[in-house]
Amino acid sequence: MGFFKKQYILTSAVFFAVSSFLCAKTLSFNLIPYFAIETSVIEEAYYYEDYSKYADEMCSLLEWEQKPSYIFGLEGIFNLNKFIFSLDFSAKLPVRSGSMMDSDYWTDGMKFNYSINENYLDKGFSVKTGFAYSFDFSVFSFKPLIQFSYSFISFNAKNGYGWYGGSAHSSDGNVHSWDSPYAHYYPDGKYHLAGVDYENQTFSILTGFDFSKVLFEKWRTGIGFLVAPFTYVYAKDHHLGKSSNFYSEDFIYIWFKNFQVNLKNDFIISERFSVNSVLEGNFILLTKGKNHRNGELNQQQGGFSYKGFKATVGFCVSF
Numbered sequence: 001m002g003f004f005k006k007q008y009i010l011t012s013a014v015f016f017a018v019s020s021f022l023c024a025k026t027l028s029f030n031l032i033p034y035f036a037i038e039t040s041v042i043e044e045a046y047y048y049e050d051y052s053k054y055a056d057e058m059c060s061l062l063e064w065e066q067k068p069s070y071i072f073g074l075e076g077i078f079n080l081n082k083f084i085f086s087l088d089f090s091a092k093l094p095v096r097s098g099s100m101m102d103s104d105y106w107t108d109g110m111k112f113n114y115s116i117n118e119n120y121l122d123k124g125f126s127v128k129t130g131f132a133y134s135f136d137f138s139v140f141s142f143k144p145l146i147q148f149s150y151s152f153i154s155f156n157a158k159n160g161y162g163w164y165g166g167s168a169h170s171s172d173g174n175v176h177s178w179d180s181p182y183a184h185y186y187p188d189g190k191y192h193l194a195g196v197d198y199e200n201q202t203f204s205i206l207t208g209f210d211f212s213k214v215l216f217e218k219w220r221t222g223i224g225f226l227v228a229p230f231t232y233v234y235a236k237d238h239h240l241g242k243s244s245n246f247y248s249e250d251f252i253y254i255w256f257k258n259f260q261v262n263l264k265n266d267f268i269i270s271e272r273f274s275v276n277s278v279l280e281g282n283f284i285l286l287t288k289g290k291n292h293r294n295g296e297l298n299q300q301q302g303g304f305s306y307k308g309f310k311a312t313v314g315f316c317v318s319f
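Under this note's numbering, think of the first position of the sequence shown as 1, with each following residue one higher.
Treat the hints with care, since some could be wrong.
[What the hints assert, rightly or not] Taking lysine to aspartate or glutamate pairs in the DMTMM-like style, the calculated list, with each CA pair at most 25 Å apart, reads:
hint	residue 1	residue 2
1	Lys307	Glu118
2	Lys213	Glu75
3	Lys158	Glu199
[Unchecked claim] DEER-style ranges, computed between Cβ atoms:
hint	residue 1	residue 2	range
4	Trp219	Tyr185	49 to 57 Å
5	Tyr186	Gly109	22 to 30 Å
6	Thr129	Gln299	36 to 44 Å
7	Leu215	Val41	29 to 37 Å
8	Tyr253	Glu296	16 to 24 Å
It is worth saying that the hints were derived from the structure and are not from the lab. Remember, it's a predicted structure, so these values are computed and weren't measured experimentally. Even for Gly, the Cβ is constructed at its ideal location relative to N, Cα and C.
Turn these sequences into a full structure, and let the hints guide you.
The structure is reproduced here in structure tokens:
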């Protein structure tokens, strides 16, 4: 009986200690459904073969636009006194989303092929979670934070046309710039060019800060900055041409080249309700990585970059 008595006393002590801690703290929860519009471009680069003296020169650049994409999301924020935990999920509508562009470059940097396709967003979603601690001063608040982010997106390209100045297409059998009169224009009334479909998965660990200040009684504004010490990108594209049907995969490890900056405004309606707005920019600098073609390691390197801007409006309910 002595053992069970000790266990009971220990369990009770832990229970009352935790209860006292939670009661002594301010615990609250915010739920924020939101809508966002994003404009961005994903760039995928290919370089000449590693053994070539032109290994550092770009031979191809593919671009997928989101102009725009429409996003619906839901964010939950738990506040325990000064500790903050957030969880965010969002999804994109499958709509026409700008253009998909494919450019080929000669060793001297001349663009000799250039094609454009209609770009359609097939699927897109993201999940984010973050931890922060708030330092509150008399005139402002400062929050160091860490965030974990995962996103998936895929596109389909349709109805392509383009200008081809390579020797196999030009009118005189020599290599010319894509905008040369010797370059051949497709479609020529007979068919459309095949495009390049694409999917991308990106995982990032970001760290940074939020700085906010109450300007008026019902208006709080703030800025935030994040940098990712580590970002991993897996990208897969599918070339749909009849004579060149293949898929290519990039495996990119990115260190300290992923940046986010945002401007936030909160307009307080009442003790429980507020309207939030966020303007955000995200930039991932061009980084090389391994490339596989049809599952086999390629002698070419691939590259990835991203730049985008997003405007968000949310309605916050506090509990």
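Results for each hint:
| no. | hint | result |
| --- | --- | --- |
| 1 | Lys307 with Glu118 | holds (20 Å) |
| 2 | Lys213 with Glu75 | holds (22 Å) |
| 3 | Lys158 with Glu199 | holds (15 Å) |
| 4 | Trp219 with Tyr185: 49 to 57 Å | holds (55 Å) |
| 5 | Tyr186 with Gly109: 22 to 30 Å | holds (23 Å) |
| 6 | Thr129 with Gln299: 36 to 44 Å | holds (39 Å) |
| 7 | Leu215 with Val41: 29 to 37 Å | holds (34 Å) |
| 8 | Tyr253 with Glu296: 16 to 24 Å | holds (20 Å) |
Of the hints listed earlier, there is not a single one the structure fails to meet.
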